[in-house]
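Colleague: Line by line, the protein sequences are chains A and R.
Following this note's numbering, the numbering of the first sequence begins with 1 at its first residue and continues without gaps.
Following this note's numbering, the numbering of the second sequence begins with 1 at its first residue and continues without gaps.
One or more of the hints may lead you astray.
The list cannot tell twin chains apart, which means a pair is met if one copy fits it or any two copies do.
[As the list claims (entries may be wrong)] Computed list of lysine to aspartate or glutamate pairs in EDC-like fashion (alpha-carbon distance at most 16 Å, straight line):
1) Lys-187 <-> Asp-319
2) Lys-235 <-> Glu-183
3) Lys-81 <-> Glu-185
4) Lys-200 <-> Asp-30
5) Lys-303 <-> Asp-190
6) Lys-303 <-> Asp-123
7) Lys-303 <-> Glu-148
8) Lys-303 <-> Asp-20
9) Lys-187 <-> Glu-61
10) Lys-200 <-> Glu-185
11) Lys-187 <-> Asp-70
12) Lys-200 <-> Asp-64
13) Lys-79 <-> Glu-61
14) Lys-187 <-> Glu-148
15) Lys-303 <-> Glu-325
16) Lys-79 <-> Glu-194
Just so you know, these hints were derived from the structure itself, not from any lab.
Protein chains: 2
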Amino acid sequence: MIRIAVDAMGGDHAPSVIVDGAVAAARHLDVRLALVGSTAAVEQALTAHPDWRSLGLEVVEAPDVIGMADPPVASLRRKPKASIRVAAELVASGEAQALFSAGSTGATVMAAHAAFGMIPGVDRPALATTIPTRQSPAVLLDAGANVECRPAHLLHFAVMGGVYARLALNVERPRIGLLSIGEEETKGNDLTREAHRLLKAAPLNFIGNVEARDVYSGAADVIVCDGFTGNVVLKISEGLVETVESLLGDELQGTFSSQVGYLLSRRAFRRFRRRVDYSEFGGAPLVGVAGLVIVGHGRSSVKAVRNAIAMAYRFAGSDFIHRVEQDIAAAAVPHN
Amino acid sequence: MIRIAVDAMGGDHAPSVIVDGAVAAARHLDVRLALVGSTAAVEQALTAHPDWRSLGLEVVEAPDVIGMADPPVASLRRKPKASIRVAAELVASGEAQALFSAGSTGATVMAAHAAFGMIPGVDRPALATTIPTRQSPAVLLDAGANVECRPAHLLHFAVMGGVYARLALNVERPRIGLLSIGEEETKGNDLTREAHRLLKAAPLNFIGNVEARDVYSGAADVIVCDGFTGNVVLKISEGLVETVESLLGDELQGTFSSQVGYLLSRRAFRRFRRRVDYSEFGGAPLVGVAGLVIVGHGRSSVKAVRNAIAMAYRFAGSDFIHRVEQDIAAAAVPHN
C-alpha cells in the first residue's frame with residue numbers, strides 16, 4: 001500500500017489544517033499517511049476526528065519545526081529532528097513513497113535535496129505548478145524553487161515539465177513554450193535567448209517563445225521560466241484575481257439592478273472561482289529531486305491539503321522518476 | 001503653445017488609428033500636433049476629418065517606417081527618414097515639446113536616446129506604466145525598456161518613478177517598493193538583493209520588497225523592477241483579465257438565471273473594465289531620456305491614442321526633466 005509522509009507542522013495554519021486535510025484524504029483514498037511532527041500537537045489536532053485510528057493514519061515524532069521565515073540552510077543544520085527533515089528521510093529510506101509539505105518552500109527543497117539527491121543529469125529542482133487556461137490546464141515551471149537559473153536548467157525544466165504533462169495532464173505530445181517578452185527567438189534577456197537555442201536543438205515539441213499574455217490563453221501545455229519569473233507570474237495572478245473580484249464586487253454594489261445581477265450570477269462566479277483556485281490542484285510537485293515531493297501553498301486550506309495529498313498519491317502510483325531519467329538521457333542534456 | 005510630435009506610422013493600425021486619435025485629442029486640447037509620416041498616407045487618413053486644417057494639425061514628411069518586428073538598431077541606422085527618428089528630432093531641436101509613438105518600443109527607445117541622450121546621472125531609460133490597484137493607481141517601472149538591469153539602474157528607476165508619481169498621480173510622498181519574491185530583504189535574486197541595499201540607503205520613502213501578490217492591492221505607489229520582469233507582469237495581467245472575462249462569460253451563459261444576471265450586471269462590468277483598461281491611461285512615459293516621450297501600446301485604439309496625446313500634453317506642461325535632474329543629484333546615485 002502507498003504510504004505518504006505528511007509534514008504536519010508546515011504551513012501557516014499547521015498542524016490543525018494539515019491534520020484535517022490528511023483525515024479528509026484518508027477517508028477517500030486507499031493510503032497510509034504518516035503525520036510527521038510533535039506527537040502532542042498532532043494528537044491534539046486529531047482529537048477532532050475520534051475515528052482517526054481506523055483511517056490508516058499514524059503519527060511520527062519530530063519535535064522541531066522550521067518556520068516560514070526561518071533561513072532554510074541554517075535551520076536544517078541546527079534542527080536534525082525538524083518535521084520536514086524527518087518526513088524527507090522516510091521517503092529516502094523507502095518507508096514512504098512520497099512527501100507532502102505546505103511549509104517553507106526553501107526548507108522543503110533543501111531537505112528533499114539532502115535526503116534523496118537529484119535525478120541523474122538534472123542540476124536543479126523546479127516547482128511545477130498547474131495553472132488554468134482558456135483551454136485545458138497547463139504546467140508552469142519553475143514556480144520558485146530556483147531564483148537564479150542558467151540556460152541548461154531551463155532545458156532540464158522543459159524535459160521534466162514534458163514528462164509531468166504527459167503523466168498528470170494526459171497530454172500525449174505536450175507543446176513546450178519558453179516564457180519571454182517577444183515571440184521572436186532574438187527577443188528576451190540573455191537567459192531566454194540562450195535557453196531558446198538549447199530547447200530548439202533538443203528532442204522536444206518546442207513551440208518557441210510564449211509571451212506572458214498568451215500563458216492563460218492555452219498556447220502551450222508546458223511553460224518554462226526561471227523561478228523568480230515563475231513565482232512573480234503566479235503571485236501577480238493570485239493578487240490580480242483577488243483585485244478583480246473585489247473591484248467587480250464594488251461595481252456590483254452600485255445599483256439595485258446590478259445587485260440583482262450579482263445575486264443571480266453568484267453561482268456562475270462560484271464555478272468560475274473554482275477554475276482559478278489553486279486549492280483545487282492542491283500543490284505543486286518539486287521535480288528533479290530523486291524522490292516524489294508535493295509542495296503546498298503556505299496558506300493551504302483543508303481542501304487544498306486534501307487535494308495535494310491526493311496528488312501525491314497519484315504521483316506515487318506513476319513512474320515519474322524513471323520516465324524523467326529516460327527523457328533526460330535521451331535529450332543528452334548539457335550541464336551548466 | 002505646446003507642440004507634440006506624433007509618430008503617425010507607429011502601431012499595428014497606423015496611420016488611421018493614430019490620425020483619428022490625434023484629431024480627437026486636437027479637438028479637446030489647446031495644442032499643436034505634428035503628424036510625422038508619409039504625407040500621402042497621413043493626408044489620406046485625414047480625409048475622414050474634413051475640418052482637420054482648423055485643428056492645429058500639420059503633416060511632417062517622413063517617408064520611412066520601422067515595423068514592429070524590425071530590428072531597432074539596424075533599422076534606425078538604415079532609415080534616417082523613419083517617422084520615429086524625424087519625430088524624435090523635432091523634440092531634440094525644440095520644435096516640439098514631447099513625442100508620442102505607438103510603434104516598436106525598442107525603436108522608440110533607441111531613437112529617443114540618439115536624439116536627446118540621457119538625463120545626467122541616469123544610465124538607462126525605463127517605461128513607467130500606470131496600473132490600477134484596489135486603492136489609487138500606481139506606477140510600475142521598468143515595463144520593458146531594458147531587459148538586463150543592474151542594481152544601480154533599479155535605483156535610478158526608483159528616483160524617477162517617485163518624481164513621476166508626485167507629478168502625475170499627485171502623491172506627495174510616494175511609497176516606493178521593490179518587486180521581489182519575499183518581503184525579507186534577503187529574499188529575491190542577486191539583482192533585487194543588491195538593489196534593496198541601494199534603495200534602503202537612498203533618500204527615498206522606500207517601503208522594502210513588495211511581493212507580486214501585493215502589486216494590485218495598492219501596497220506601493222511606485223513598483224520598481226527590471227524590464228523583463230515588468231513586461232511579464234503587465235502582459236500576464238492583460239492575458240489574465242481577458243481570460244477571466246472569457247471564462248466568466250462561459251459560466252454566465254450556462255443558465256437562464258445567470259444570463260439574466262449577466263445582462264443586469266453588464267453596466268457594472270463595463271465600468272469595471274475601464275478601471276483595468278490600459279487605453280484609459282493611453283501610454284507610458286519613457287523616463288530617463290532628456291526629452292519627453294510617451295510610448296503607446298502597439299494595439300492602441302483611437303481612445304488610447306487620444307488619451308496618450310493628452311498625457312504627453314500634461315507631461316509637456318510639467319517640469320519633469322528638471323525635477324528628475326534634481327532628485328538624481330540629491331540621491332547621489334551610484335553608477336553601474
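Colleague: Taking the earlier hints as the rules, which of them does this structure contradict?
Modeller: Those not satisfied are hints 1, 3, 4, 5, 6, 7, 9, 12, 15 and 16.
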